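Asks: From first to last, the protein sequence lines are chains A and B.
Residue numbering for the first sequence follows the numbering used here, starting at 42 and increasing by one per position.
Residue numbering for the second sequence follows the numbering used here, starting at 15 and increasing by one per position.
Honestly, the hints are just simulated from the structure, not real lab data.
Keep in mind the model is a prediction, meaning the values are calculated, not measured.
Keep in mind that a hint or two might mislead.
As the list claims (entries may be wrong) - A short, non-exhaustive set of chain A residues, derived as facing chain B with CB atoms under 7 Å:
#1 R227
#2 A457
#3 W514
Ideal Cβ positions, reconstructed from N, Cα and C, are used throughout, including at glycine.
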Amino acid sequence: MTRAFLGMPATAPPGVGHLRGTEPFPSAARRSLADPQLRRNLGHATATIRARSAGVIAEVPDWQQLREAGRAIKTDVMARLPELLEQLEARATEAGAVVHWAADANEANRIVTDLVRGTGSDRVIKVKSMATQEIGLNEALAAAGIEPVETDLAELIVQLGDDRPSHILVPAIHRNRAEIREIFLRAMPGVDPGLTDEPAALAAAARSYLRQTFLTTKVAVSGANFAVAETGTLAVVESEGNGRMCLTLPDTLITVMGIEKVVPTWRDLEVFLQLLPRASTGERMNPYTSMWTGVTPGDGPQAFHLVLLDNGRSAALADPTGRQALHCIRCSACLNVCPVYERTGGHAYGSVYPGPIGAVLSPQLTGVADNASLPYASSLCGACYDACPVKINIPELLVQLRDQAPHPRTEAAAMAAAAYAMDHPRLYEAAQQAVRLSRLAGRRGRALPPPLDGWTASRDLPDPPRQTFRQWWAQR
Amino acid sequence: MRIALFVTCLADTLFPEAAKATVRLLERLGHEVVFPAEQTCCGQMHVNTGYQRDALPLIRRHVRTFDPYDVIVAPSGSCVGSVRHQHPLVARRAGDVRLAGRAEDLATRTYELSELLVDVLGMTDVGAYYPHRVTYHPTCHSLRMLRVGDRPLRLLRAVRGLDLVELPAAEQCCGFGGTFAVKNADTSTAMLADKMRHVLSTGADVCTASDSSCLMHLGGGLSRLRTGVRTVHLAEILAATERSETTGARGRTAARP
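So here's chain A without its partners, still in its complex pose (with noise of 0.2 Å):
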């Protein structure tokens, strides 16, 4: 981990793993609103689990204050990020564990693909993930030769139908179960050609295939939910058993592990374990929570290794209002409460991280030049700032993002043209009596020119009115 430290830390690489999509948000999202079938799913899915957590929350009387706990957790770590990092490699290391530091995700994914080949494995199982969606591991896995299997159901689909995850919580949730059971048929192995669409069926031949495919693999990849600085443990939560397979079974455990998601102390899950399920599946309590430190002789993996990820995380750790992304547990109730995740669904967003949350973190790991379009993809409603369970301020961080993001040369020039007028009430007046006389929209206020047209596209314009308010009080 010895490295020189020169000027500001790194973004995450280009070209390697899923941080920048192809094209800008507002192209990516006009497709996804014309999807009558995602447009359906993602309502229902998201009202669902809106309506069921507001329901867990509401039993909790010092929620707020579970909240401001969180809040002032993360905002310690961050603060002393380093200090912990140290204090958690030395506290696994001394349990048996190995610690790798990985600056990107090309170092990231050369570290678990080295270790991998030395078990001399091809295949290996993974227990959902959002650190190595990022940086693209399975598809480096699969360029040396080994097969990664998810076990999580809905990666599982995302995985054989060779597509990307929609949520974070729910990857297919831009899938039906026609769909499924194709993808299923087409694409699972050893799978019965007779396969209902039935949830059950479907859900069985999961089961099925996932169970053989645990108890003969050697291998395991997970992420982590949370890391204890004071005690070297890692812990994972999850709804499906699938993680205490991975995490229990193989003979070699690899955990991938964005370097935010340490805390202090053991008390501390005490505010994450409440936090996180009520405010993400709307459970009081989630189904699995496993917790491990180091190698445990004769019980569960024997060799386990912890790869540190940072991937551009210093880099928003740089920024002083930035880092408050850095909070994030990845419960996404964001998602759920975004009017704009809710019709645009999450590939729109290009990054694996989407919604709101992804539009302030992913434009940070990368540098915003890269991710320009997503700051700009909300409405800037608040509604996520509201249900965040440890109060990221998204809204403010958006619009930090969009002080710092490149501008279009035109709109530059009219911002400024516009604040200057706006500072000098003579050329104001002026300003108002053009737009007043202006038939710049046309007739019936139906047709502005570009880029304006977005307006008028689908919004008839006020009639101008024959006085101004200053005007008015000017003459009574």
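Got chain A; can you put chain B on it based on the hints?
Replies: This is chain B only, laid out in the frame that chain A set:
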């Protein structure tokens, strides 16, 4: 009470009826309204579009213009939100600590109309008469930045003749979002479509809110589809009386009938 009107550039230029109604209402309630003529725009559009440096002189102008007044009101949740939450932040980021302090102080004296009426003037019945079926859309910034809560609804419930119908999924954004409506026109329109569907489901003749900007968006959509539903600013409803309603002096609004 002497109250300074922060008219907002949008109401001044395109929706003067909302501002005139604010003046008429407050004068009817026995207060003196003053209009500091040096005011222009609070700079919210610049800040929210990513032009904080351009917004800085507008924030200075706003603070300078309104500093002499004890009570300031605007017929807009969004613009008050900008004054309350953005001005100090932008000033501080620009390194102007003194401006940030003055902006913070000014923010404590700046109210959205329903806040002024309910919290400062302590009234919910303003003596209005408005015999229409009305639904209320809580705008995002009044709801989540200012936390006006049910103040506008309490004011509306006290209006004689008014048939208030609840808007389904009221707290979801209408899709305006300033330059979002143009930069992400398709997504904005999808949000608008759902909001209009809910408005139409109420059977209301009038959709009201405390922001002319959101009403311009909603009204522009309702008008484009010839729905026959009008958008009317909350101030215009509260300013309406038996006299104004019977002399045909109803204000022009965003929607074309």
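Asks: Are the hints correct? Go through all of them and say.
Replies: Do the hints match the structure? See the list:
no. : hint : verdict
1   : R227 : violated, 32 Å
2   : A457 : holds, 6 Å
3   : W514 : holds, 5 Å
Hint 1 alone, counting from the list given before, is not met by this structure.
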